[in-house]
Amino acid sequence: MHVDKDKELARRLAQIEAMGGPERTARQHEMGKWTARERIAYLLDPETFEEIGAHVQHRSTRFGMSTVDAPADGVVTGFGRIDGRLVYVFAQDFTVLGGSLGEMHAAKIQRVQDLALKAGVPIIGLNDSGGARIQEGVDALNGYGEIFKRNTWSSGVIPQITVIMGPSAGGAVYSPALTDVIIMVKHTAQMFITGPQVIQTVTGETVSAEALGGAEAHLRRSGVAHLVAADDGQALDLVRRLLSFLPQNWMEQPPVRPSDDPVGRVEMALSSVIPEDPNKPYNVLEVIARIVDGGDFFELQKGYADNLVVGLGRIGGRSVGLVANQPRVLAGTLDINASDKLARFVRFLDAFNIPVITLVDTPGYLPGTAQEYGGIIRHGAKVLYAYAEATVPKVTLILRKAYGGAYLAMCSRSLGADLVFAWPSAEIAVMGPEGAANIIFRREIESSDDPVQARSAKADEYRQLFANPYVAASRGYIDSVIDPAATRGHLAQALMVLYNKRDDRVRRRHGNMPV
Amino acid sequence: MPTVRRFRVTVNGKVYEVEAEELAQTEAKTVVHDAASQSNRAPEPAFAKPPSAGVSIEAPLPGSVLDVKVAVGQSVDAGQVLVILEAMKMENEIIAPDAGIVADVRVAKGHSVSAGDVLVVLQ
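Top to bottom, those sequences are chains U and R.
Quick note on numbering: the numbering used here labels position 106 of the first sequence as 106, and the sequence is numbered without any gaps.
Quick note on numbering: the numbering used here labels position 99 of the second sequence as 1099, and the sequence is numbered without any gaps.
Pulled out of the complex, with its shape left as it was, chain U reads as follows:
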């Protein structure tokens, strides 16, 4: 009798293990994709996966569904470990009914969402689904809604990471969009609200699925994707790397990764990274690489609004978020997309107790009708909101230009920076010298015999007086003007003294961030 029962379990498990069967698995492999189980096995530490709800089945009877067997109902769910730390995971399997989401499939995802939220454990979603299971009608729709609700409730409580490893269309895109980070696999992943066929019918535009919603489109154009991977394995490696910077939940600190890179490391190269001519660009990534432990910087949204760089690194083994203007792109101006990128990143850091270091070199907000009509006022306001709202340690380093509204926006003392440093090359002023001279000395310039010469002379005069860090430092807006070569040591000290920072805001339901 016992033997029979054991056999029955083994038979059932074997069926569930096989998911869509060898044929569909082979087809999945032909497309360059792994199955859900292969992905989970690769993602987690060996032998740590515990499956939940393997025996769950759909209960749909219409449209011939009563005879359709769908192992695990097309989604593998459970928990395991990454670098020894617990994570919940769900992985849709395209070999079972195209990974389509029905009532029970969705219920399995909701179950791990609930468990992850209650226990304060990160959740990782591996998406590979044809979308709603049409046969299940509104029950499938309800399934999505219940998932969205849990995504929202989990936001800022536990890290939620999504990997798009196949199609993700229609309502299916919104669960990923509500999570913290989206990773897409090149060529196999596509995300869109309405697909190429619908677009063709409605607007007449012809566009391929890849051009419309492929990884490159979402990394470079829409800003939906944070990271892009060449294949499944690389995408899952990115998940592991990303998690190494994050705490388990909002009440914990990120893990410490001891580094043999001395925090007081002096970098002479930083003294010459800024060109003599203030009109010449340079690559701010060179500055970042010399500041973080081992030059190891994990950049997010690289390729979208590259006039602003955001990413994670460590100093003295502790996670930090870095935000930096990139003078090499769009002169380092802040525009709509950069504002969006910045605000979302700073709020992500603030939610998960990661200090923010801001490197400033911006001439200001990008002028133009496209920006004004596009709503740079409300988008730019997000930058101010995100910085002023954040209670994590905030350290600002002004490298060069910090003018006007953009100076304020880039985590100025006025917005609540805890410590503000500046390099001797810093220019903190209400506007650039030429513009300022034109306004302040307009009469003198106009009435002079040689206005061009006069303008230039007055601009120089203004530059001498104000294009330096010392006026701002004399008012206490800058705490210290530092030797660029010693930057890493100063930032490490700053982070150390701020480690136990406590800061609160007035009680309220929630703020009303401009979106």
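One should not assume that every hint holds.
Unchecked claim - Derived DEER-like restraints, expressed as beta-carbon distance ranges:
{"no.": "1", "chain 1": "U", "residue 1": "446", "chain 2": "R", "residue 2": "1078", "range": "29 to 39 angstroms"}
{"no.": "2", "chain 1": "U", "residue 1": "187", "chain 2": "R", "residue 2": "1112", "range": "40 to 50 angstroms"}
{"no.": "3", "chain 1": "R", "residue 1": "1097", "chain 2": "U", "residue 2": "514", "range": "28 to 38 angstroms"}
{"no.": "4", "chain 1": "U", "residue 1": "210", "chain 2": "R", "residue 2": "1008", "range": "30 to 40 angstroms"}
{"no.": "5", "chain 1": "R", "residue 1": "1123", "chain 2": "U", "residue 2": "465", "range": "49 to 59 angstroms"}
Unchecked claim - Below, a sample of chain U positions facing chain R; criterion: calculated Cβ distance under 7 angstroms:
{"no.": "6", "residue": "275"}
{"no.": "7", "residue": "280"}
{"no.": "8", "residue": "281"}
{"no.": "9", "residue": "283"}
{"no.": "10", "residue": "330"}
{"no.": "11", "residue": "333"}
{"no.": "12", "residue": "363"}
{"no.": "13", "residue": "432"}
As the list claims (entries may be wrong) - Lysine-lysine pairs mimicking DSSO-like chemistry, simulated, CA-CA at most 30 angstroms apart:
{"no.": "14", "chain 1": "R", "residue 1": "1069", "chain 2": "U", "residue 2": "280"}
{"no.": "15", "chain 1": "U", "residue 1": "280", "chain 2": "R", "residue 2": "1109"}
{"no.": "16", "chain 1": "U", "residue 1": "302", "chain 2": "R", "residue 2": "1089"}
{"no.": "17", "chain 1": "R", "residue 1": "1014", "chain 2": "U", "residue 2": "302"}
{"no.": "18", "chain 1": "U", "residue 1": "302", "chain 2": "U", "residue 2": "186"}
Hints listed in this document are in silico derivations from the structure and should not be mistaken for laboratory results.
Everything numeric in this text was worked out from a predicted model, so none of it was measured.
The beta carbon of each residue, even a glycine, is placed where N, CA and C say it ideally should be.
For this one, chain U is given, so just place chain R on it according to the hints.
Only chain R this time, still in chain U's reference frame:
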């Protein structure tokens, strides 16, 4: 059965009514009905000379051309500087996104450009 659909198109404020006939893929070809409709085309060189299969490198922001680093016919590597555009008090390096051959240079030193103006076409 070919379906004929009618459209109203506005070009530079002028309204044109056009008929478009949907053809099967195999019979698709460009048919110009009369010479008058041709002369009505905008004489703008940007329209007459579309960047045929080339990659148009556009000005990312308004500014003035400080230097053009390449000439027509020259081959360039990905990341090579094509044009230096002074804008926002910065000498912005406009670089080639991919390797290619310079098919056209649309600007010269001293030109003022608006955001979106084509600077260089690569093939």
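Here is how each hint holds up against the structure:
1. Hint check: residue 446 of chain U to residue 1078 of chain R, Cβ distance near 48 angstroms, so the stated range 29 to 39 angstroms is violated.
2. With their beta carbons about 41 angstroms apart, residue 187 of chain U and residue 1112 of chain R fall inside the hinted range of 40 to 50 angstroms.
3. Distance hint check for residue 1097 of chain R and residue 514 of chain U: the Cβ-Cβ separation is about 33 angstroms, which falls inside the suggested range of 28 to 38 angstroms.
4. Separation of residue 210 of chain U from residue 1008 of chain R is about 33 angstroms and conforms to the stated range, judged on CB atoms against 30 to 40 angstroms.
5. Taken as a hint, the range 49 to 59 angstroms holds for the pair residue 1123 of chain R and residue 465 of chain U, whose Cβ atoms sit roughly 51 angstroms apart.
6. The restraint placing residue 275 of chain U at the interface with chain R is violated, with a minimum CB-CB distance near 9 angstroms, outside the 7 angstroms limit.
7. Interface restraint check: residue 280 of chain U against chain R, minimum CB-CB distance 6 angstroms, threshold 7 angstroms, status holds.
8. Of the supplied interface hints, the one on residue 281 of chain U holds, with its beta-carbon coming within about 6 angstroms of a beta-carbon of chain R, less than 7 angstroms.
9. For residue 283 of chain U, the suggested interface contact is broken, since its CB lies about 10 angstroms from the closest CB of chain R, more than 7 angstroms.
10. For residue 330 of chain U, the interface hint holds, the least distance from its beta-carbon to any beta-carbon of chain R being 6 angstroms, beneath 7 angstroms.
11. Evaluation of the residue 333 of chain U hint against chain R yields a held restraint, the C-beta minimum of about 6 angstroms falling below 7 angstroms.
12. Of the supplied interface hints, the one on residue 363 of chain U holds, with its beta-carbon coming within about 5 angstroms of a beta-carbon of chain R, less than 7 angstroms.
13. Of the supplied interface hints, the one on residue 432 of chain U holds, with its beta-carbon coming within about 6 angstroms of a beta-carbon of chain R, less than 7 angstroms.
14. This hinted pair checks out: residue 1069 of chain R and residue 280 of chain U have alpha carbons roughly 16 angstroms apart, not beyond 30 angstroms.
15. Under the criterion of a C-alpha separation no larger than 30 angstroms, the hint pairing residue 280 of chain U with residue 1109 of chain R is consistent with the structure, at around 18 angstroms.
16. Only pairs whose Cα atoms come within 30 angstroms are accepted, and residue 302 of chain U paired with residue 1089 of chain R is accepted, the gap being roughly 25 angstroms.
17. Taking the CA atoms of residue 1014 of chain R and residue 302 of chain U, the gap is about 43 angstroms. The hint is violated against a cut of 30 angstroms.
18. Our distance criterion of 30 angstroms between C-alpha atoms is met by residue 302 of chain U and residue 186 of chain U, whose separation comes to about 15 angstroms.
Hint violations for this structure: numbers 1, 6, 9 and 17, all remaining hints satisfied.
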